[in-house]
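Single-letter residue listing:
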Amino acid sequence: MSAYSPYLAAFTSRFLLMMQYRSAALASFLTQCWFGLVRVMVLAAFYKGAAQSDSTLPLSFAQAVTYTWLAQGLLALLPWAADPDIAAAMRTGAVGHDRLRPVDTYNLWYACTAGRMIARILPRLLLMVLAAGVVLPLIGKEELAWAPPSGTAAAMLFALSLTVAVALSCAVVMLINITVVSTLNERGVNTLVVPVVFILSGALLPLPFYPDMARLALFIQPLAGVLDIPSRIYSGALTGPMAWIGISLQVLWTFTLVVAGKKWLSYGMQRLEVQGG
Amino acid sequence: MVQILVEELSKSYRIAEREPGFLGALRGITHRRWRTVQALKDVSFSLERGEILGFIGPNGAGKSTTIKILSGILRPDSGRVEVAGLVPYVDRIRHVGRIGVVFGQRTQLWWDLPVIEGFDLLRDIYRLDPHVYRRKRDQLVSMLRLDRLLDQPVRQLSLGQRMRAELAAALLHEPSILFLDEPTIGLDAPSKLAVREFIKNLSQQQGVTVLLTTHDMHDIEAMAERVIVIGNGQVLADGSLAALRATVLAERRLFVEFAGDAPNLVLPGVHVRGQNRRSVELAFDPRIIGAPELIATITANHAIEDIHVEQPAIEEVIARFYDLHDAGEV
Chain Y
1 MSAYSPYLAA FTSRFLLMMQ YRSAALASFL TQCWFGLVRV MVLAAFYKGA
51 AQSDSTLPLS FAQAVTYTWL AQGLLALLPW AADPDIAAAM RTGAVGHDRL
101 RPVDTYNLWY ACTAGRMIAR ILPRLLLMVL AAGVVLPLIG KEELAWAPPS
151 GTAAAMLFAL SLTVAVALSC AVVMLINITV VSTLNERGVN TLVVPVVFIL
201 SGALLPLPFY PDMARLALFI QPLAGVLDIP SRIYSGALTG PMAWIGISLQ
251 VLWTFTLVVA GKKWLSYGMQ RLEVQGG
Chain X
278 MVQILVEELS KSYRIAEREP GFLGALRGIT HRRWRTVQAL KDVSFSLERG
328 EILGFIGPNG AGKSTTIKIL SGILRPDSGR VEVAGLVPYV DRIRHVGRIG
378 VVFGQRTQLW WDLPVIEGFD LLRDIYRLDP HVYRRKRDQL VSMLRLDRLL
428 DQPVRQLSLG QRMRAELAAA LLHEPSILFL DEPTIGLDAP SKLAVREFIK
478 NLSQQQGVTV LLTTHDMHDI EAMAERVIVI GNGQVLADGS LAALRATVLA
528 ERRLFVEFAG DAPNLVLPGV HVRGQNRRSV ELAFDPRIIG APELIATITA
578 NHAIEDIHVE QPAIEEVIAR FYDLHDAGEV
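Taken in sequence, the protein lines are chains Y and X. Each step along the first sequence adds one to the number in my numbering, with nothing skipped, and position 186 is 186. Each step along the second sequence adds one to the number in my numbering, with nothing skipped, and position 241 is 518.
Looking at chain Y on its own, in the form it has when it is part of the complex:
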């Protein structure tokens, strides 16, 4: 076995460990299938009604359905909770050991967070593609199925956008982790974060459905880059220059949040108190 860099080693170790939790992945996949179906049914009813009233909708029905399945498949991507291991380290004082390693603490935690997130996303996403993209068309529910990307360009832009989305989401999780440095318990901050992340990422309702006046603000806020921007690129709702603007926003927010997180963590570590023992 060759030697890795410290951060890659931490990432790999966490990734491999998380990949062992197969029953958790299966359980959450089944839940997401159920919620996905309900949402798609609701969308179908909504679009039927809209067709009768002649109003124009920001996404086509097929785009909205695909957006919904993608959101369900990528649920583990949402930065809605602190990394449980890092939060536990804070609560028990094991954080001291992380400070004893000759590495940057932010980067170390970021690598662990990313390892956990990607290990959680992969099995759930693959199962969801299989269920909503392959099984649904096979049983004749083509109109409710997860459609392939709208084209080769969209597919490549989506791959790029999704990669940045993971980096961005980890940066948000890091901010939540760092909050725990001062609160010592992740429950409170998690409770506050969940509704905010659900609404602003587009997981609750695709962001284009919100009123016109809120659209611009919703597009440029950081959480759009977690789910809304990649999903719209995938379904072809965001193309050409707009897609590139979306990806640039994602990159900009990732960079900003990482820098902010690093500053905040080093401030928190100067005031660290490790009690007991």
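Keep in mind that the hints were calculated from the coordinates and are not lab data. These numbers come from a predicted model, not from an experiment. Idealized CB from N, CA, C, for every residue including glycine. Be aware that a few hints might be false.
Over the 10 Å line for every Cβ pair with chain Y, so calculated as not near, a few chain X residues [to be verified]: (1) L427; (2) A471; (3) L526.
These stretches of chain Y come out as covered by chain X in the derived footprint (C-beta under 8 Å, 3 or more residues) [as the list claims (entries may be wrong)]: (4) 9-16; (5) 88-96; (6) 99-107.
Chain X: place on chain Y using the hints.
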């Protein structure tokens, strides 16, 4: 060569306090009361390369706080700290690459990983050369008898096994300084002996500087030539255990078993600590009356069956010392 230098180190914590009961909890919503606890007050000492220093003191005295500052985890309020020429909390990353730390009450290994994978992860985290690492790892594995534990997840190890693995983990990167915070806590006798032997060898053969805290005075007697007693955040004594004993509790104990009923003994510099029908426990001050003289006096006048001299147990000396300095736990 001075390896660790600590000058006038101070550190305080702020503790939120609450009055008891429901009303107290309500009042805490509007008025939070804070109490400042001075964990360290002007602590100064220095340590030479290859020395083993025992750090003792009652619970809450400031031992762990000192170790946490020296290892770069905490930042002091004031004072100067230098470890091998670096200020730990300023140059943290460079500093921690040169030290090894074991906290007896916590684990630095990964709970769910087999021991060997934890070691490999440490190799990557410390950016060790794979060949150097393998040699060091194999050496530690054989010295600490870890070969049969390597494939077990850390959570399945017994405390003694885990502590040996912790020591190996702290030494893989060949640190020149080792901080041990209660390394023998909860260990059985053979494990304690093994850990002591190992640490002593480390300092004698490899010149590793060791600073250890413990509540087990036998650890100190077995390993450390020098002790610092800390109480209420201050250094109360700094020297050898023998010197501490001489200043605090110099008295010796004489146990005599008589052939017949025990007599009433009245001798200068001697007092009776306990008496049964046929035996007596005497405390005497060796500066007033020496052991040979006392024994001669007794055997000349009485028929005895058995006699032996003891020093007060080291725990008793330390407890007396804490008492004298009012340093017991608050």
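Report holds or violated for chain X covering the region 99-107 of chain Y, Cβ cut-off 8 Å, minimum 3 residues. holds (count 6)
(request) Between the region 88-96 of chain Y and chain X, see if three or more residues pass the 8 Å beta-carbon test, and mark the coverage as holds or violated. (result) holds (count 4)
*asked:* Just to make sure I understand the rule, a stretch counts as covered if three or more of its residues have a C-beta closer than 8 Å to a C-beta of the chain. Does the region 9-16 of chain Y meet that for chain X?
replied: Answer holds; 3 residues pass the 8 Å Cβ test.
* No chain Y beta carbon within 10 Å of A471 (chain X)'s -> Nearest chain Y Cβ is 23 Å from A471 (chain X), so the label holds.
**Study point:** Least C-beta distance from L526 (chain X) to chain Y larger than 10 Å
**Key:** Answer for L526 (chain X): holds, closest chain Y Cβ roughly 29 Å.
If I take the minimum Cβ distance from L427 (chain X) to any residue of chain Y, is it greater than 10 Å?
holds (14 Å)
Comparing the model with each earlier hint shows no violations; every hint is respected.
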